[in-house]
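The two chains are supplied separately, each in an independent frame; assemble them into the complex guided by the hints.
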Amino acid sequence: AQSVTQLGSHVSVSEGALVLLRCNYSSSVPPYLFWYVQYPNQGLQLLLKYTTGATLVKGINGFEAEFKKSETSFHLTKPSAHMSDAAEYFCAVSGSNFGNEKLTFGTGTRLTIIP
Amino acid sequence: DAGVIQSPRHEVTEMGQEVTLRCKPISGHNSLFWYRQTMMRGLELLIYFNNNVPIDDSGMPEDRFSAKMPNASFSTLKIQPSEPRDSAVYFCASSPRGTGGSYEQYFGPGTRLTVT
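In order, the protein sequence lines correspond to chains P and U.
Each residue of the first sequence is one higher than the one before, counting from 1 in the numbering used here.
Each residue of the second sequence is one higher than the one before, counting from 1 in the numbering used here.
You may find that some hints are simply not true.
[To be verified] From the structure, some residues in chain P lie toward chain U, with a derived Cβ separation under 7 angstroms:
(1) G43
(2) L44
(3) K49
(4) K102
(5) F105
(6) T107
Since the hints were made in silico from the structure, they are not lab data.
Since the model is a prediction, treat every value here as computed from it, not as a measurement.
Think of the CB as a built atom: it goes at the ideal place given N, C-alpha and C, for glycine as much as any other residue.
Excised from the complex, chain U in its bound form (with noise of 0.2 angstroms):
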């Protein structure tokens, strides 16, 4: 198995850009999550669904950032505008989870984001 790809790996724009962050998650699995990690706040849950269905996104900081799962296979994290505070490590994760399952979360390589 590919294990969970993220895309791109490493992401450099400006303040005030549009970024999009991609996600596919593993085969079969049915729960994926955003997380992000800085130094500064350690590793923090965005959103995460079930079922291409968002569940709980109580950890998405502000309006600029919205997720969407479109279908099982692909999902998207997206800043706009982008702003400094942003750059941070982005990981997704997903998890076969079900009725009674336990949790077990993949995660991805990353997508390293740096707004300047």
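Here chain P stands alone, though its shape is the one from the complex (with noise of 0.2 angstroms):
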């Protein structure tokens, strides 16, 4: 079984201050994590996904995550927040095999950026 944890509801920082959403999971098999964002009245869209090799991991608009397996962590970040990064994210983590391949998400972090 797999769940996930998002530390922080919502979020605010200034624009061109660093973003860092924090994500921590469970799994009782090897995770696939992802990060996803949705804008107002939209669906979620990939932001960036850890499956196997290089821990840290870019993904789109300048995102990235490290997968620290030690820690338990999927640690999202940015170094400058634009205007247009305000949104929700919400991690989530999947098992590596056959069965195991639903996404379990996390309970969303809004984010905020502070003109």
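The following block contains the structure:
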């Protein structure tokens, strides 16, 4: 079984500042990890994913995340926030074997950018 | 590619009526997922199919909900009879997952259902 905890349901950062959204996971099998973004009245869009290999993963819009197995974390970062980054962000985990492929989502973090 | 297509985008119905939500996955994808999103419960997986076969329906709330996937390019989620507590945004997602795949899911724009 898998679960995800996102710390902080709301995060506010100033434009140009570092964005850090936290995600911790639990999985009984090697996990696949994902970050999705949801803009108002839209579906979820994949930002980045970790499956195997390099633990630092780069995604779209300048975001990246690092898989840290020892900390069971997959935090999302962006060096410099833009106004267009304001959205809700979801971390998700799935297993890496057949039968564990369904995604389990966190409760989401709403990111607000302060001008 | 057109992406995942859902219809209708908005549905307003009265309690007790039957509601049918439709989804066309991305061509070539062999897994399809139905989710429900509410403020109170967040994003919940209702059911998913692999190669048109239901794999896990443990998230379906009750017998009023049913889902079908008659072929690789079409799926429906039906609520009969509908209740006000079914009001939510329903998302369909598809995945190209095959053996050893990474389970990346592509979401449709959602159907906003309001039951009065």
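To see whether the hints hold, each was checked on the structure:
1. Checking G43 (chain P) against chain U by beta carbon gives a least distance of about 4 angstroms; that is within 7 angstroms, so the hint holds.
2. The beta carbon of L44 (chain P) is positioned within 7 angstroms of a beta carbon in chain U (closest approach about 4 angstroms), and the interface hint is therefore held.
3. A distance limit of 7 angstroms between C-beta atoms decides the matter here; for K49 (chain P) the minimum to chain U is near 6 angstroms, and the interface restraint holds.
4. About 6 angstroms separates the beta-carbon of K102 (chain P) from the nearest beta-carbon of chain U, less than 7 angstroms, and the hint is met.
5. A distance limit of 7 angstroms between C-beta atoms decides the matter here; for F105 (chain P) the minimum to chain U is near 5 angstroms, and the interface restraint holds.
6. Hint on T107 (chain P) holds. Least Cβ distance to chain U is approximately 5 angstroms, under the 7 angstroms limit.
Of the hints listed earlier, there is not a single one the structure fails to meet.
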